[in-house]
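A.B. asks: One-letter residues, chain by chain:
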Amino acid sequence: MDVIFGLIPGMILLGLAGVLVFFWAVRNGQYEDMEGPAHRILNDDDMDELGGDPKRKPD
Amino acid sequence: MSPSASMSKDSCHHCGLPATGVAACEGEVAGEPQRFCCSGCLEVCRVIHAAGLDSFYDRLHAQENTLAPPPDAPSDLDQYDLDEVQREFVSPLSGGRRGAHLLVEGIHCAACVWLIEKALRDLAGVTRAEVNLARQRLVLEWQPQQVALSAILRRLAALGYAAVPFDPETAEGQVQCSNRRLLFRMGFAGFGAMNMMWISIALYAGTFSGIETEYKQFFHWVGFAIATPVLFYSGGPFLLSGWRGLRLRHLTMDLPIAIGALTTYAYSLWRTLHGGGEVYFDVVTTFIFVILVGRYLEAMARRSAASAALHLMELQPRTALRLDESGQETRVAVRKLAAGDRVLVRPGDKIPADGRVVEGDSHVNEAMLTGESQPVHKSCDARVSAGTVNGEGVLKIRVEQVGGDTTLARIIHLVEVAQGSKARVQRLADRIVPWFVAVTLLLAAATFLFWMRVDFDTALMAATAVLIITCPCALGMSTPMSIVVSTGVAARLGVLIRNGEALESLSRITHVVFDKTGTLTEGRMRVSRIECVDATLDEAQLLALAAALERHFTHPLARAITLAAEVRGLVLPAAEQLQAHGGLGVSGQVGGELVWLGNARLMAQAGVDIPDGMAALREAVESAMGVAVLLASGGRVLGVICLEDQLRSGARELLDRLRAQGLGVTLLTGDTRRAARHLQQQLGEMRVLAELLPEDKAREIAALQQLGERVLMLGDGVNDAPALARADISIAMESGSDVSMECSDVVLMGSELRKLPYAIEIGRQALRTIRQNLLLSLAYNLTLIPVAMAGLVTPVLAAIAMPLSSLLVIGNAILIRRRMGRFVEMQNGR
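Taken in order, these protein sequences are the chains called P and B.
Under this note's numbering, the residue at position 25 of the first sequence is numbered 149, and the numbers go up by one with no gaps.
Under this note's numbering, the residue at position 452 of the second sequence is numbered 726, and the numbers go up by one with no gaps.
Keep in mind that the hints were calculated from the coordinates and are not lab data.
Computed from a prediction, not measured in an experiment: that's the story for all the values here.
Hints are supplied without guarantee of correctness; some may be wrong.
Said to hold, decoys possible - Not everything, but these chain P residues come out facing chain B in the computed CB check (under 8 Å):
no., residue
1, ILE136
2, ALA141
3, PHE146
4, PHE147
5, TRP148
6, VAL150
7, TYR155
8, GLU156
9, ASP157
10, GLY160
11, HIS163
12, ARG164
As the list claims (entries may be wrong) - If you anchor each label on the Cβ, the simulated ranges turn out as follows:
no., chain 1, residue 1, chain 2, residue 2, range
13, P, GLY134, B, ALA479, 51 to 61 Å
14, P, ALA149, B, ILE706, 35 to 45 Å
15, P, GLN154, B, THR502, 23 to 33 Å
16, B, LEU1078, P, GLY134, 48 to 58 Å
17, B, ARG1091, P, ALA149, 42 to 52 Å
18, B, LEU963, P, ALA149, 46 to 56 Å
19, B, THR481, P, GLY134, 18 to 28 Å
20, B, SER368, P, PHE147, 23 to 33 Å
No residue lacks a Cβ here, since even glycine has one placed at the ideal position from N, Cα and C.
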């Protein structure tokens, strides 16, 4: 059972890493628009969203 | 797929609104005839089709959304290409690109987002176009060598969106910053609360099935390690504001939160150090997390797109055409204008500064400042104001006031003052909380002293139990929960509540003040009646003749007549030698004959006698706030066209209902007394004050408030902004100016008057629920405090009782949804 003395701090460290990712996301503006992206992902003919050529017309 | 396949034949092909009004028109798109509610929609639909973006309509209907007719396109877009103007809002990017934030009017749903992004990215030179749907923003990056900003804005205008650039830093940097900090704190508390759950489960399990002291202590220390940063980082604002409140001798809600969290924490720490008993670090973190979630939801609901003052500033043109001594015109930034300068104002442009006309003749639309729906005729020596829109003529103006001295700037100032001085209704919970806090502290102290006679340990346990069990959670959440639920219900009903506190005030109003133009009436002129003198000409011919003369003029009356002719699908005869007679009307040659169209004074000028019947009709129409335009040719009057600003549907029913509820009703308008009196006749008994300036309206509301009335103001124009800001509760129509929406607490979507009773009822429901919730949490406290004081509260009991009280409060708040549903059904008579 002594393993928990190592595992629990490890868990907290992992959690902290998650917090850091969250902070990065907030700073990066990921929480600015909570509605648009949910719809945008359904616009599947926008190839440029997927990193394609922005000026390419959809087929 | 044909976009209108799923819709009735009478609805607009573009926006889906009924296409049966006088403005409705027909047009051919993709080889098929379609109906539209207005020519704006027709234009937009054609552009969308030409760009090959028809699937916009599929997306739109897939979401069961409807659009509104497109806003009027801004006229002076070229000014945005000047470097001097761009410096105010554009940021230079790598590779010579430029970036800007645009405030876009007319975004309704995800389909609009798709349309804008798609259409702009297809423009060569645009490197980034991203729409923020929630905030109606567009982030734009472009290559200035390839495409001009004005071309991008024009593209947007063609699609039916009006966009203005703005500087995001000054406007909302601060709000955004504090929201971000709140989000950081909430996220961190969430992390703490989640990890704490592991430890709690282990400890609870240990309590029942046994746990070695060594592990138990370890878990206590881990709990301490998590709870400490959560308490001092995430809970920091509560501790600080509680302390500040204490120093100012004002007991706020944050104080019991701070005391509750701190004592629970201190008690647990003490327990941890002495290596025995139960700890409540999990309570501390979860408590802080839940309260932060509530605060964050509130902040989101309140987040406003931009300040009212910012929108008012947008009304001001950024450039002006300055004339030098020799009459040469140069485009300069408005900031560079000085009193005494002479500027040229072209037709359709905004007037850059307050001043006097020195040359020229035109109509100026001053609706934004005065509320007067008719453009005002301006000739030599007439005063003009910054931000108002020039009509058909060219004006030369001598600048008298610039910048902060203009009428527009004065309104901005009025709004700021009124917003600052608005007497906020003290929230119910705020009034109870100080007493609650004081009593709790006293009881805890008494418990401590009482049990000290036994021993210190018992005394500390009992006193802490009192503080924990009176956990302000339920009390603290009773108001925010009700507000969150009611705003949600309201939004579904098309009532946008921008400010949670508005709900409490809504339920208390005693007096409703209306603006006229655009609120009770639709705010634009429509042809209501055509009367012919004799049988030589029928109504259609008369209208066609009038439209032929008016076709090329932009005066609202001219547009209304042209639109009416378009709706009827009339073929217009060719008109030549068109001439506008400022303030009187127009004339022109049609089929070799000189035709006059205008008011009685024009007829007198043309030497035409008005027959008695026509004169009587004209009087009748004009006393009914309409306009009668006479058509004459060959020395005699051929007929008359009547134009009226019509009442919104449901206006009469709304006023009857308000009166039935015993509310006072007042009409404040910038229009003439006669027009106001006519409205009074149509709408029944009410107080009417006419010919008011923006500051008069605000003063009138202040006067009502002095009499002890709680005033609700419903308005839509820029001229209403100070009054809206002054009223206890202000409601704006969605079709109104952005400024009025920014100033108001509530916005009626779809501009439907019948939604006003919904708003009032939601306010009542919210207040009732808040009261019930306060009672519930007080009752809970009254039962459990004695138990805690008696030292009988075990950790398990506290753990069960605390969430139970919160759940009661939340559940009751959710009931608002059902109660409102019943109210709406009753209203609709179903």
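A.B. asks: Of all the hints numbered above, which does this structure not satisfy? Sort the numbers upward.
C.D. replies: Hints 2, 5, 13, 16 and 17 not satisfied by this model.
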